[in-house]
Amino acid sequence: MKAASVLPIFSIVFAVLYVLSMENNWALFTYFARAREFHWLVVTPPTPRAGPAMYWYGWLATSALGAVAVAAVAGLLRAERAGRLWRHLSWGVPLAAVLALMFILRGWFIRV
Amino acid sequence: MLGALTHQALSIWWPATAGGRSVFHSFRAVRSAAYANTVVVLYVVTATLGAIIYPAYRIGVRVFLEDLRLSAANGIFELKEHVVAVGLGLLPAYWYFWRQPLADGDAAARKAVTALLAAIVWYSFLVGHVLNSIRGFGP
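For the protein sequence lines, the chains are A and B, in the order given. Our numbering numbers the first residue of the first sequence as 2 and each following residue consecutively. Our numbering numbers the first residue of the second sequence as 159 and each following residue consecutively.
Isolated chain B, as found in the complex:
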């Protein structure tokens, strides 16, 4: 999902030009519309899995972070849970603006929605890794 959204965002914000041969050019020269349905499914699956393990975080990890007075660490997670929720609500618009063919006047909305969703997913990914590094899983 992270890769697909990054491909999509870069391909529409910085479209590949003809004749480019670099790795970065190839990264942008993808059929980005083909990723849309997969991104929606993977986001829902990932958010659902996150929601399932959230109580374990609430009981075990958050209390641990509070004991260590790591307020910012708790804060970045609080923000993560809320932006993930906004991202869930954004999925219908995202799917709508990636339907084919692209309607007249929808290009800017497609770019903006994709960038916002990509930013949400990148933030969530990074926060998850930071918190996992602080506390880790298991007892």
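Looking at chain A on its own, in the form it has when it is part of the complex:
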């Protein structure tokens, strides 16, 4: 179960990276829904026919890759031994991420 003990670290880092990726548009790739094309990194629609650019998949990929990398390094450094801290951060950080997302998206619901 030693390798599994870094899983809470993955969840913590993923939540942080996801909010940062979404807010700063750090998409690993862009998908054009109408043209059904993938492009590396952040790309704006080349033509109107390509349809809207979708970055959500790219944000997921950025967050997952970053979280895997950090969790792997944490595993090598035996950082999971700070168990109590990770235990609480593993739900506290994702909860904070959800609250941050609600704040970021408040413009959909109220005039800001």
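Under the rule of at most 25 Å between Cα atoms (straight-line distance), these lysine to aspartate or glutamate pairs were calculated in the DMTMM-like manner:
#: 1; chain 1: A; residue 1: Lys3; chain 2: B; residue 2: Asp262
#: 2; chain 1: B; residue 1: Lys238; chain 2: B; residue 2: Asp225
#: 3; chain 1: B; residue 1: Lys238; chain 2: B; residue 2: Glu224
#: 4; chain 1: B; residue 1: Lys238; chain 2: A; residue 2: Glu24
#: 5; chain 1: A; residue 1: Lys3; chain 2: B; residue 2: Asp264
Pulled a few chain B residues facing chain A out of the computed Cβ check, cut under 8 Å:
#: 6; residue: Ala209
#: 7; residue: Pro213
#: 8; residue: Ala243
#: 9; residue: Ala251
#: 10; residue: Leu274
I should point out that these hints are in silico values taken from the structure, not numbers from a laboratory. Glycine included, each C-beta is placed from N, C-alpha and C at the ideal position.
Based on these hints, arrange chain B on the given structure of chain A.
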């Protein structure tokens, strides 16, 4: 998945006591650890299916909602796509805290992670139904 997570969340936040016979007592008196792997698989499958049909929503439904100036409806979906992503990232921690036997000191984290995941799934379920009721599927 919705049922399993609701069973789990209630069973650890409000454990069933011995001797109870009501339906609500039975609802909480489940072997909740048995649901963990299934919840992980179903969440991944559901999120994957959602990701596959997302472009159709982006092209067809979102534009429709924008035309109707239903900003809040678009907003609840925007929030849904992001909380579902946070939920995906939460799955490893969820699985870790439901492994058997429960490690010393992990009980509070198990309760919190399960409640958060259950809230995400309930929110996504309800938003999906509301948006489906507004626009529906098909042309």
